[in-house]
Every structure is written in structure tokens, then in C-alpha cells.
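First to last, the sequence lines map onto chains X and E. Here the numbering used here is used: the first residue of the first sequence is 705, the next is one more, and so on. Here the numbering used here is used: the first residue of the second sequence is 56, the next is one more, and so on.
If you are wondering where the hints come from, they were derived from the structure by calculation, not from laboratory data. All C-beta atoms, glycine included, are put in the ideal place defined by N, C-alpha and C. Among the hints, a few may not be true.
Residues of chain E placed beyond 12 Å of chain X at every Cβ, according to the derived structure [claimed, not checked]:
| no. | residue |
| --- | --- |
| 1 | 58 |
| 2 | 59 |
| 3 | 75 |
| 4 | 77 |
| 5 | 79 |
| 6 | 80 |
| 7 | 87 |
| 8 | 98 |
| 9 | 115 |
| 10 | 120 |
| 11 | 121 |
The calculated label-pair distances, taken between Cβ atoms and stated as ranges, are [to be verified]:
| no. | chain 1 | residue 1 | chain 2 | residue 2 | range |
| --- | --- | --- | --- | --- | --- |
| 12 | E | 135 | X | 816 | 50 to 60 Å |
| 13 | X | 826 | E | 116 | 25 to 35 Å |
| 14 | X | 796 | E | 133 | 29 to 39 Å |
| 15 | E | 83 | X | 812 | 42 to 52 Å |
Cross-link-like lysine to any residue pairs, in silico, SDA-like; alpha carbons within 20 Å at most [as the list claims (entries may be wrong)]:
| no. | chain 1 | residue 1 | chain 2 | residue 2 |
| --- | --- | --- | --- | --- |
| 16 | E | 136 | E | 79 |
| 17 | E | 80 | X | 822 |
| 18 | E | 95 | E | 74 |
| 19 | E | 61 | E | 121 |
| 20 | E | 97 | X | 748 |
| 21 | E | 97 | X | 749 |
| 22 | E | 80 | X | 752 |
| 23 | E | 61 | X | 814 |
| 24 | E | 61 | X | 830 |
| 25 | E | 61 | X | 794 |
| 26 | E | 95 | E | 108 |
| 27 | E | 95 | E | 124 |
| 28 | E | 61 | X | 751 |
| 29 | E | 97 | X | 751 |
| 30 | E | 97 | E | 125 |
| 31 | E | 61 | X | 783 |
| 32 | E | 97 | X | 815 |
| 33 | E | 97 | X | 771 |
| 34 | E | 95 | E | 131 |
| 35 | E | 61 | E | 108 |
| 36 | E | 95 | E | 61 |
| 37 | E | 97 | E | 83 |
| 38 | E | 61 | E | 74 |
Each chain, written out:
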Amino acid sequence: MSAFAHDLDFTDDGRVFFSTVPSLVIGGEDAPVGEAHIPSTEESWWFSGMTKVPENISDVVVGRLEAIPHVKAVLMGRSGEVYHIWTMIDDWTVSGRRAVYAAQRELLARLGGFELDFYVVAIDEGESPESVVSDIPTVFRRAT
Amino acid sequence: MPNRRKVNFMGQMRDAVIVDFEADKESFSTYILHDGTSLKIKAVLTEVLRIEGLYQPNGDPVYGVQAQQVLAVNAAESLRKKD
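Chain E extracted, bound-state conformation (with noise of 0.2 Å):
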């Protein structure tokens, strides 16, 4: 029996199944400010639901994730704070 719960998904609490999951590439995002910082983004994915009976235009169910975000900063040498 899959484990189940409810979700709100715009407005309406629609029936979930929870689908277990395992990390296959974790990479983060990488950006460079203008401000001469550089940045590291990556999510994490917690809990991942699959909305029973909703459906994307292409036959793909509806999934929806909860993730906690890793933010890393590597700031420029001039925006430190200086002792």
C-alpha cells in the first residue's frame, strides 16, 4: 500500500502518493555576480509527492517537491568587511 497524503495544489487539497527517491546528480548552480562575487546554488530535494490524477498537457503526472535551498558565497575581495 503506497503511503499517501493530501496536498494543496492551487487551492484544492488533492490526493498524493509519496514516491521515494534517491540522489543521482546533486550539482550546484554556479553564478558570478556583477559585483565580482561569486555564487553557489543547489537544491535539495526533502519529499517528493506524484498528484494522483492531474496530468501535464504531454501525459506527464504532476509532481511536486519540497527542497531546501544551499546558498554558498564566495564574496569579492572589496565587498568584505574590512577589520
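Bound-form chain X, shown alone (with noise of 0.2 Å):
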């Protein structure tokens, strides 16, 4: 008894998931275990690491972080039509802050149509961003 099985989409993030390749299935009480696999009817790429952020958008959100001063790492991350950027910041204050909500509020309006999730976290010197965000590239980080 064999039947074939449905396409397997666990991810889309470019990491692990398996997609439009088709599998055949075998099992059922007349048939042992057992395993095979057909050709794919169509070319499906998986690609290491998360490079999901076209480099165009991307270069537009550092280039504008980068001018300020106490940014001193950016991440950025696409889930679904989201794109998460995580700005890293040495200077928690007001003055700090507002700088790069400045700049939050120009991309926006910039990149409309885009949905940005803007986050800002503050780091000690010394301190990796990718400590305190896993699993999103970073795409800026300021020369000590």
C-alpha cells in the first residue's frame, strides 16, 4: 500500500524545511516499512543561513542607522512579509533613543509598503549582539 505524500512546508525562513519535492510514502498493514523517493519535477533551492533580506533593503536601513553614532550593531531578519530590525544602541537615553526613532520614522517612510518591526536594545561594551539576538544576521556592526 504506497500513497504519495503532500509537500512539506515547515519553514520558510530558509533554514531547515523541506518543500515542493515530492515524497512517496510506503506502509500500511500489507507492506513493511519501508522508504523511496521519485525525482522532483521542479528545481527548489535551500539556502544555508538566513539571507532571506534582499541586499537592497538592507543597505538602505544600515545606511541610514550607521550615521548615527551610538548605533554600534544593526540585525535584521525577514519572517513572512516581516522585516525585524534590531538596532543596537550604547547610549540608553533619551537623546539616544529619539536619534534612532528619527531614523526608524525616515525608513518608514522610505521603504512604504514594507512592513518593518523596529527593536531597540542597549548593549555593554564588549557585548556581542548576536548574544542577545540568536539566529538573526547581523548586517551592521560598528569597528571598535
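Assemble the dimeric complex from its two separately framed chains, guided by the hints.
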């Protein structure tokens, strides 16, 4: 007894997922547990890393945020239609946050139509941005 | 001269190098479904590319793979079709 399985789309973040590749399932009462596969009928690539952010969008984001001296790093990843942007600053003051918020408003205006989700986090000197937020690529890190 | 091809990455056609490979370990991942069925699944690579000029934040180049999935099911006795 056999049947074709439906496509399995576990996640769309470019890490671990199976998509659009049909698989043949073998099982059932009269058949031993087995395995088989059939060739894919279309090209479907899995890419390493979370690199779903188009370079031009991240360039715009980084270009604006890196102009703020207190910004030490920017991390950016995409989940579905939402671009998550983490801004790491070393100055958790009203003036420091306002500078970042002003940049965020500019980016929202420039990138109208894109759904942007901003976070601002203070990091200590020597602290790694990746230790604060994991699994999101660092798109900018200020040289020390 | 390495074997090359173009690949669609995020809507852009990028140059890539076809990388030969061999299987090291190719084990199944196994799962127990809450309906009592056990399931095994694994990916079998069929082609590997290294995209030129594209890197992850840690410096690793970006690789693309094509793979076939192999899925094996051992259904719970209660779920099997009765004659």
C-alpha cells in the first residue's frame, strides 16, 4: 500500500525545510516499513543561513542607522512579510533613543509598503549583538 | 575550470559553483506522532552550489542545495485500514 505525501513546508526562513519536492510514502498493513523517492519535477533550492533579506533593503536600513554614532550594530531578518530590525545602541538615554526613533520614522517613510518591525536594545561595551538576539543576521557592526 | 551555473537567489540570478560531494552520514530523523504512528524522514542531496560573492554574517559562503526527501511511515495499528 502506498500513497504520495503532500508537500511539507516546515518553515520559510531558509534554514531547515522541505518544500515542493514530492515524496513517496510506503507503509500500511500489507507492506513492510520502507522508503522510496521520486525525482523532483521542479527546481527548488534550500540556501544556508538566514539570508532572506534582499541586499538593497538592508543597505537602506544600514545606511541610515550607521549614521548614528551610538548605533553599534544592526541585525535584520525576515519572517514572512515582516522585516525585523534590531538596533543595538550603547547610549540608553532619551537623546540616544530619539535619534534612533527618528531614523526609524525616516525608514518607514522611505520603505513604504514594507512591513518593518523595529527593536532598540542597549548593549554593554564588549557585548556581542548575537548574544542578545540569536538567529538573526548582523548586517552592520561598527568597528571598534 | 570549475563547473558553474546560474541560480535564482531571492529573485536575482547569481553565479554559483557546482560543488561535488559525498555522503558522510545520512541518517533519518525520527518522530513519534501523537496518533501513535512513527515517522522517519531524511534528505538526500542531489546537487550543491556555492554562490559566488555572497556570504553569511559569520563569513561563511552561502550554499544552496537540492535534495530529495525520503519519508517512511510505520502507522499505528489502530489507524490501519481493516479488511
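Structure-based check of all given hints:
no.	hint	result
1	58	holds, 16 Å
2	59	holds, 15 Å
3	75	holds, 17 Å
4	77	holds, 18 Å
5	79	holds, 16 Å
6	80	holds, 16 Å
7	87	holds, 14 Å
8	98	violated, 7 Å
9	115	violated, 7 Å
10	120	violated, 5 Å
11	121	violated, 6 Å
12	E:135 with X:816: 50 to 60 Å	holds, 55 Å
13	X:826 with E:116: 25 to 35 Å	holds, 33 Å
14	X:796 with E:133: 29 to 39 Å	violated, 58 Å
15	E:83 with X:812: 42 to 52 Å	holds, 46 Å
16	E:136 with E:79	violated, 38 Å
17	E:80 with X:822	violated, 41 Å
18	E:95 with E:74	violated, 28 Å
19	E:61 with E:121	holds, 14 Å
20	E:97 with X:748	holds, 16 Å
21	E:97 with X:749	holds, 16 Å
22	E:80 with X:752	holds, 19 Å
23	E:61 with X:814	violated, 32 Å
24	E:61 with X:830	violated, 41 Å
25	E:61 with X:794	violated, 42 Å
26	E:95 with E:108	violated, 36 Å
27	E:95 with E:124	holds, 10 Å
28	E:61 with X:751	holds, 14 Å
29	E:97 with X:751	holds, 17 Å
30	E:97 with E:125	holds, 5 Å
31	E:61 with X:783	violated, 26 Å
32	E:97 with X:815	violated, 40 Å
33	E:97 with X:771	violated, 46 Å
34	E:95 with E:131	holds, 14 Å
35	E:61 with E:108	holds, 13 Å
36	E:95 with E:61	violated, 33 Å
37	E:97 with E:83	holds, 5 Å
38	E:61 with E:74	holds, 13 Å
Of the hints listed earlier, those the structure fails to meet are numbers 8, 9, 10, 11, 14, 16, 17, 18, 23, 24, 25, 26, 31, 32, 33, 36, in rising order.
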